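Peer 1: Chains E and P, in that order, give the protein sequences. Heads up: the first sequence at position 364 corresponds to 364 in the working numbering, and the numbers run straight through without jumps. Heads up: the second sequence at position 25 corresponds to 509 in the working numbering, and the numbers run straight through without jumps.
Think of the hints as simulated: they come from the structure by calculation, not from any bench. Every value quoted in this text rests on a predicted model; they were computed, and no experiment measured them. C-beta atoms are modelled at their ideal positions from N, C-alpha and C, and glycine is treated no differently. This list has only true hints and no planted wrong ones.
Here are some of the chain E residues that sit facing chain P, going by a computed Cβ distance under 8 angstroms:
#: 1; residue: S26
#: 2; residue: F51
#: 3; residue: P84
#: 4; residue: I281
Subject to a maximum C-alpha distance of 20 angstroms in a straight line, what follows is the list of computed EDC-like cross-link-like pairs (lysine to aspartate or glutamate):
#: 5; chain 1: P; residue 1: K494; chain 2: P; residue 2: D506
#: 6; chain 1: E; residue 1: K130; chain 2: P; residue 2: E558
#: 7; chain 1: E; residue 1: K130; chain 2: P; residue 2: E568
#: 8; chain 1: E; residue 1: K72; chain 2: P; residue 2: E534
#: 9; chain 1: E; residue 1: K72; chain 2: E; residue 2: E153
#: 10; chain 1: E; residue 1: K72; chain 2: E; residue 2: E97
#: 11; chain 1: E; residue 1: K72; chain 2: P; residue 2: D541
#: 12; chain 1: P; residue 1: K494; chain 2: E; residue 2: D269
#: 13; chain 1: E; residue 1: K79; chain 2: E; residue 2: E213
#: 14; chain 1: E; residue 1: K18; chain 2: P; residue 2: E553
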Amino acid sequence: MEWETVIGLEIHVQLATKTKIFSGSSTAFGAEPNTQASAVDLALPGTLPVFNENALRMAVMFGLAIDAEIGKRSVFERKNYFYPDLPKGYQTTQLAEPVVGRGHVDIELADGRTQRVRIHHAHLEEDAGKSLHEDFHGMTGIDLNRAGTPLIEIVTEPDMRTAEQAVAFARKLHSLVTSLGICDGNMAEGSLRFDVNVSVRPKGTETLGTRTETKNLNSFRFMEEAIELEVERQIEVIEGGGEIRQETRLYNGDTKVARAMRSKEEANDYRYFPCPDLLPIVIDDAYIEAVRASLPILPAQWKATFIEQYGLSDYDASVLSSNNVQAAYFDQVARRCGDGKLAANWVMGELARLLNQHDTDIKASPVSAEQLGGLLERIKDDTISGNIAKKVFEAMWLDGGTADEIIEAKGLKQVTDSGAIEGIVDQVIASSDKQVEQYKAAEPDKRGKMLGFFMGQVMKASGGKANPGAVTGILKQKLDALCD
Amino acid sequence: MALERSDVEKIAHLARLQIREDEVPGYTQTLSDILALVDQLQATDTTDVEPMAHPLDAVQRLRADVVSETNQREQLQSVAPAVENGLFLVPRVIE
Numbered sequence: 001m002e003w004e005t006v007i008g009l010e011i012h013v014q015l016a017t018k019t020k021i022f023s024g025s026s027t028a029f030g031a032e033p034n035t036q037a038s039a040v041d042l043a044l045p046g047t048l049p050v051f052n053e054n055a056l057r058m059a060v061m062f063g064l065a066i067d068a069e070i071g072k073r074s075v076f077e078r079k080n081y082f083y084p085d086l087p088k089g090y091q092t093t094q095l096a097e098p099v100v101g102r103g104h105v106d107i108e109l110a111d112g113r114t115q116r117v118r119i120h121h122a123h124l125e126e127d128a129g130k131s132l133h134e135d136f137h138g139m140t141g142i143d144l145n146r147a148g149t150p151l152i153e154i155v156t157e158p159d160m161r162t163a164e165q166a167v168a169f170a171r172k173l174h175s176l177v178t179s180l181g182i183c184d185g186n187m188a189e190g191s192l193r194f195d196v197n198v199s200v201r202p203k204g205t206e207t208l209g210t211r212t213e214t215k216n217l218n219s220f221r222f223m224e225e226a227i228e229l230e231v232e233r234q235i236e237v238i239e240g241g242g243e244i245r246q247e248t249r250l251y252n253g254d255t256k257v258a259r260a261m262r263s264k265e266e267a268n269d270y271r272y273f274p275c276p277d278l279l280p281i282v283i284d285d286a287y288i289e290a291v292r293a294s295l296p297i298l299p300a301q302w303k304a305t306f307i308e309q310y311g312l313s314d315y316d317a318s319v320l321s322s323n324n325v326q327a328a329y330f331d332q333v334a335r336r337c338g339d340g341k342l343a344a345n346w347v348m349g350e351l352a353r354l355l356n357q358h359d360t361d362i363k364a365s366p367v368s369a370e371q372l373g374g375l376l377e378r379i380k381d382d383t384i385s386g387n388i389a390k391k392v393f394e395a396m397w398l399d400g401g402t403a404d405e406i407i408e409a410k411g412l413k414q415v416t417d418s419g420a421i422e423g424i425v426d427q428v429i430a431s432s433d434k435q436v437e438q439y440k441a442a443e444p445d446k447r448g449k450m451l452g453f454f455m456g457q458v459m460k461a462s463g464g465k466a467n468p469g470a471v472t473g474i475l476k477q478k479l480d481a482l483c484d
Numbered sequence: 485m486a487l488e489r490s491d492v493e494k495i496a497h498l499a500r501l502q503i504r505e506d507e508v509p510g511y512t513q514t515l516s517d518i519l520a521l522v523d524q525l526q527a528t529d530t531t532d533v534e535p536m537a538h539p540l541d542a543v544q545r546l547r548a549d550v551v552s553e554t555n556q557r558e559q560l561q562s563v564a565p566a567v568e569n570g571l572f573l574v575p576r577v578i579e
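Take the sequences, apply the hints, and build the full model.
Peer 2: Shown next, in the form of structure tokens:
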């Protein structure tokens, strides 16, 4: 039988606020255990939550970016369960009245098609602390620095059909929240965590199969692996005459093995009720419009601009628009040098290569967009060749300076003067008897290919400074003259 | 709606309350009485009544996103039964 996979995602996004959702404790990552856990975060008796405006603003930003209905009134509720890294005995979250309602995210698939993934809702909630299960004399260690970090949990409709689509969505969401500046996107530190709901059904049928949930996937690769493994398992169970149990599963990315959580671990009855410590949150149109006005340019907008204004391919435009810093950088380079395609090649080529090599981010690029744009301008006006430009770029990377300063200091200005080039061409022809004979002996339509050797020699003799266009013309003219 | 003995045991477990065997019938009765009262309330027609999220007729005040808490770990952990390396220690929660 042919099977169809149905995938829905729940994504926890840590908001990049300075402080926690209900207290003034810092949310900075990596502090000594429990040094950022105040009396409120510890749920000491008598403490009360005070809601962080910035968490609300960031949630609204997300809602506007996915074209969602914004909850003008939203309500915090208590989700009750016991776990030692949840000191209050409940998580403060939203259920019936979330801050972000129905919306959608469009993803691009490998075959160029666009697919819409509907967002069911997104709600504000607090993160739990961390349990450290290393052996502390048979006890568990608890670090509450993370307790109370603001999250939005985003819930999609079951609109994805393959692991590839789920990963494309996850990447798109990552790009969106980082471009909005509401999340640092650091998946290794848990800033973005994915829960994957998977079920299978016979192809062509409508009824959803029983789903399982694989929790806390923190890399795109693990997500893809976990989905593929789970689909395989479900099909095997069903084809073997068994039934899928609704359960929560854990995937270990290191061992590539998934297991079901023991039913006891998930036997919860959360007994939600509105949190009496927090009043309803009410926002008006003016607030929403003010947030809308503060939105940065989003990936989809950048992409459209890059295709329209600079004539970039869909692929190049997607890559360059995937994060805001890179998009803005590219845009500035393109404006400065007046050639979008050249700018795209350099930002995705040389710049990306050096950033990668030095394991650094475009945010920290030692070469500014202004510097790179200035360099490309000198390729455009034939002051230097593309090859020389790479040398200038490396010098720029190491020691700074403008393209003009480096070209001047290192004497790299391209030789376009035809007299000088003719001199070099004559020299090369005179010392390459064998190749000249071969050229003469070749069929006229094969000669073009044989120019390569002479080009190489001339460029070498000129220290790479000869203008390649001029060299080609002069070489061809002189060699063909010998053939007559 | 009357509760069974097993409902009371389940509720007690979810709330992590230890109740004595001889207390179960009493709780079963009193909790059932509370539910009977709720049943009585349910009979009221609430068609046009907006669900109430909070008894106060007010909205949530917001706090600026500025760090105001300092590290009080030493003081806060002075009341904890067990700490080590800055961590609170609790009975082991997984096998």
